[in-house]
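Enquirer: Sequence:
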Amino acid sequence: MDALTLHPIGYVRSGYAEPSQAPRQPGADGARGEARIELCAGLDLEQAVADLAGFDRIWAIVWFHRNARWRTRVLPPRGGQKRSVLATRSPHRPNPIGLSALRLLEVRGRTLRVAEVDLLDGTPVLDLKPYVPYADAFPEARAGWLDEVEREEAEGGWCFDVSWSELAREQAVFLRERFGVVVGETAARALRRDPSPHPYRRILRSRAGELLVAEKSWRLFFAVFERRVVVTRSVSGERAEALVGDRGGLLDGEAHVAFQLRWPRTEADALVTSG
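Mapping of the sequence shown onto our numbering: position 231 corresponds to residue 254, and the numbering continues sequentially without gaps.
Among these hints, one or two may not hold up.
Distance ranges between label pairs, derived from CB positions [unchecked claim]:
1) Val205 with Ala64: 35 to 43 angstroms
2) Glu189 with Pro31: 18 to 26 angstroms
3) Val205 with Ala71: 36 to 44 angstroms
4) Ala64 with Arg96: 21 to 29 angstroms
5) Ala231 with Ala164: 29 to 37 angstroms
6) Asp170 with Gly132: 40 to 48 angstroms
7) Ala64 with Ala91: 26 to 34 angstroms
8) Leu109 with Pro42: 36 to 44 angstroms
9) Leu109 with Glu208: 29 to 37 angstroms
10) His30 with Arg212: 37 to 45 angstroms
11) Ser186 with Pro31: 43 to 51 angstroms
12) Trp93 with Pro31: 37 to 45 angstroms
Derived from the structure by calculation, the hints contain no laboratory data.
In this text the structure is predicted, and so the values were computed from the model without any measurement.
By construction, the Cβ of each residue, glycine as well, lies at the ideal position given by its N, Cα and C atoms.
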């Protein structure tokens, strides 16, 4: 097989340093923040993107630089069983190429300001194309096995009731009112579908055996009672040493500092990525 040579034309600058922080899809729950695509100098790319201004969305073709290997079958966030990798949107692909439909906010020289981003900071950008609704949107198209999952969820086969303990509610109010940080909405949607441990849904088990769901840089512990899920408490997912000194690049850094001062992490909050 002939080798192909690709060169990045730019890089993503986002607030997502780790895969666990990034939303699963562009525009999905949690993918509301802004980011930048900084194009490389010396290629006259200012002229190459000038006419993108005026498009609401763009396709970003990227290289999943953090993926070292691929798998023929993967476990997607929905459906509860493994699927053929090329029938999913998994990043673990034969060639780690990604495709994201990002909301374009501004084009300024070699910098594109974008929103609804699901890409890690430092992701290499291979190409950009305008999103054209008449050519790129087919709302009546069948979605294969995902259509089956949608039917199951609509019939209640994956639905759980989610409620909050007094402590979890107090913590959510603290973050929202003090720092404008909303924690729990994305996690609750995942738990309503299925609270079983699952790496792609970021549902894990702590070393103490407790269940938890990761949402960006926060961890929500919960318990399951038949078809009912109770979120018991939230925990900062940032190490204390990462909160010392310059926190400019840390997502919700000030909120994590104040939160850990009020609710320090304990040994029971230590995590493992078990399924």
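Enquirer: For the pair Leu109 and Glu208, does the Cβ-Cβ distance stay inside 29 to 37 angstroms?
Expert: holds, 31 angstroms
Enquirer: Given a hinted range of 36 to 44 angstroms, is it respected by the beta-carbon distance of Leu109 and Pro42?
Expert: violated, 20 angstroms
Enquirer: Just tell me: holds or violated, for the beta carbon distance of Glu189 and Pro31 against 18 to 26 angstroms?
Expert: Since the Cβ atoms of Glu189 and Pro31 sit about 49 angstroms apart, the hinted range of 18 to 26 angstroms is violated.
Enquirer: Verify the CB-CB distance for Ala231 and Ala164 against the hinted window 29 to 37 angstroms.
Expert: For Ala231 and Ala164 the Cβ distance comes to about 45 angstroms; the hint is violated.
Enquirer: Please check whether His30 and Arg212 have a Cβ separation lying inside 37 to 45 angstroms.
Expert: holds, 39 angstroms
Enquirer: Cβ-Cβ distance between Trp93 and Pro31: within 37 to 45 angstroms?
Expert: Given about 20 angstroms between the Cβ atoms, the range is violated.
Enquirer: Okay, Val205 versus Ala71 on CB: inside 36 to 44 angstroms?
Expert: holds, 37 angstroms
Enquirer: Determine whether the Cβ-Cβ distance between Ala64 and Ala91 falls within the hinted range of 26 to 34 angstroms.
Expert: For Ala91 against Ala64, whose Cβ atoms are near 29 angstroms apart, the range 26 to 34 angstroms holds.
Enquirer: For the range 43 to 51 angstroms, tell me whether the beta carbons of Ser186 and Pro31 fit it or not.
Expert: Given range 43 to 51 angstroms: holds, Cβ gap about 46 angstroms.
Enquirer: If you check the beta carbons of Asp170 and Gly132, does the distance land in 40 to 48 angstroms?
Expert: holds, 43 angstroms
Enquirer: Hint says 35 to 43 angstroms; check whether the CB-CB distance for Val205 and Ala64 agrees.
Expert: holds, 37 angstroms
Enquirer: For Ala64 and Arg96, compare the CB-CB distance with the range 21 to 29 angstroms and indicate the outcome.
Expert: violated, 42 angstroms
Of the numbered hints listed earlier, those contradicted by the structure are 2, 4, 5, 8, 12.
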